[in-house]
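Chemist: In order, the protein sequence lines correspond to chains A and B.
For the first sequence, my numbering assigns the number 1 to the initial residue and increments by one for each residue that follows.
For the second sequence, my numbering assigns the number 1001 to the initial residue and increments by one for each residue that follows.
Incorrect hints may appear among the rest.
[What the hints assert, rightly or not] Derived DEER-like restraints, expressed as beta-carbon distance ranges:
#, chain 1, residue 1, chain 2, residue 2, range
1, B, Thr1051, A, Lys57, 27 to 33 Å
2, B, Gln1009, A, Lys57, 38 to 44 Å
3, B, Phe1010, A, Gly3, 46 to 52 Å
4, B, Thr1062, A, Thr14, 34 to 40 Å
5, B, Thr1104, A, Leu83, 38 to 44 Å
6, B, Ala1068, A, Glu52, 26 to 32 Å
7, A, Pro39, B, Lys1056, 37 to 43 Å
8, A, Gly16, B, Val1055, 49 to 55 Å
9, A, Gly28, B, Thr1104, 29 to 35 Å
10, A, Leu11, B, Gln1014, 19 to 25 Å
Hint data in this document are derived by calculation from the structure and do not stem from the laboratory.
Note that beta-carbon positions come from the ideal geometry of N, C-alpha and C, so glycine has one too.
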Amino acid sequence: KAGVTQTPRYLIKTRGQQVTLSCSPISGHRSVSWYQQTPGQGLQFLFEYFSETQRNKGNFPGRFSGRQFSNSRSEMNVSTLELGDSALYLCASSPMGAGDYEQYFGPGTRLTVT
Amino acid sequence: TQLLEQSPQFLSIQEGENLTVYCNSSSVFSSLQWYRQEPGEGPVLLVTVVTGGEVKKLKRLTFQFGDARKDSSLHITAAQPGDTGLYLCAGARQSGTYKYIFGTGTRLKVLA
């Protein structure tokens, strides 16, 4: 099975712009979660989507949003970028069947805001 | 609020040595996962522990979940340079806003 894929792998944006990141989960996985990883804050949960619905949300401002499509692919959008948004954005997929707890991560998108 | 504290934060050891990484919380988790992450890549799942007191072995790595499901440890026997990386624990909660809480991380370097 192919793993979780994320595009693009690297992105450079200017403060004030917006950005859209894409994630394709492992085939058959219905849950997609997004995380932000920075050296200072570590890995922080953004939100989780399951069957096209946002099921859980972390403590991030409304500038961060996401969606999931019927094929389970997910996108994350950040509007009005700030310098502090520079981070590695990770997507993780999970089967989310009964008793399923594992998440499988993609390689991430490295976002640099200048 | 950081709910999962890992110790030590940094560890540099010689090849062949043993080490233990700890993951502690005041919260109860329904399960706990350990990951290893290499620079520029996403975390790779090593193991999931679910039952209090559970011990799992993965070659030279031994994982234990605390009896109360609030803490966990990772023990590496005879560390090798290939074990170098950032080790992360993550607790899963069935209720509340956050689904998975990640630990602060332990950066391990094994010198040849």
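Chemist: Look at each hint and say if it fits the structure.
Modeler: A quick look at each hint next to the structure:
1. A C-beta distance of roughly 29 Å is found between Thr1051 of chain B and Lys57 of chain A, which places it inside the suggested range of 27 to 33 Å.
2. For the hinted restraint 38 to 44 Å between Gln1009 of chain B and Lys57 of chain A, the CB-CB distance of approximately 29 Å leaves it violated.
3. A hinted range of 46 to 52 Å is violated for the C-beta pair Phe1010 of chain B and Gly3 of chain A, which are about 29 Å apart.
4. Between Thr1062 of chain B and Thr14 of chain A the beta carbons are some 48 Å apart, a value that contradicts the proposed interval 34 to 40 Å.
5. Thr1104 of chain B and Leu83 of chain A have their C-beta atoms about 23 Å apart, which leaves the hinted 38 to 44 Å range violated.
6. Between Ala1068 of chain B and Glu52 of chain A, the C-beta spacing of about 37 Å breaks the proposed range 26 to 32 Å.
7. For Pro39 of chain A and Lys1056 of chain B, the Cβ-Cβ distance of about 30 Å falls outside the hinted range of 37 to 43 Å, so the restraint is violated.
8. Taking the beta carbon of each, Gly16 of chain A and Val1055 of chain B are about 52 Å apart, inside 49 to 55 Å as hinted.
9. For Gly28 of chain A and Thr1104 of chain B, the hinted distance range of 29 to 35 Å is satisfied, since their beta carbons lie about 32 Å from each other.
10. Judged by the Cβ atoms, the range 19 to 25 Å given for Leu11 of chain A and Gln1014 of chain B is violated: they are separated by roughly 39 Å.
In the structure shown, a violation is registered for the earlier hints numbered 2, 3, 4, 5, 6, 7, 10, in ascending order.
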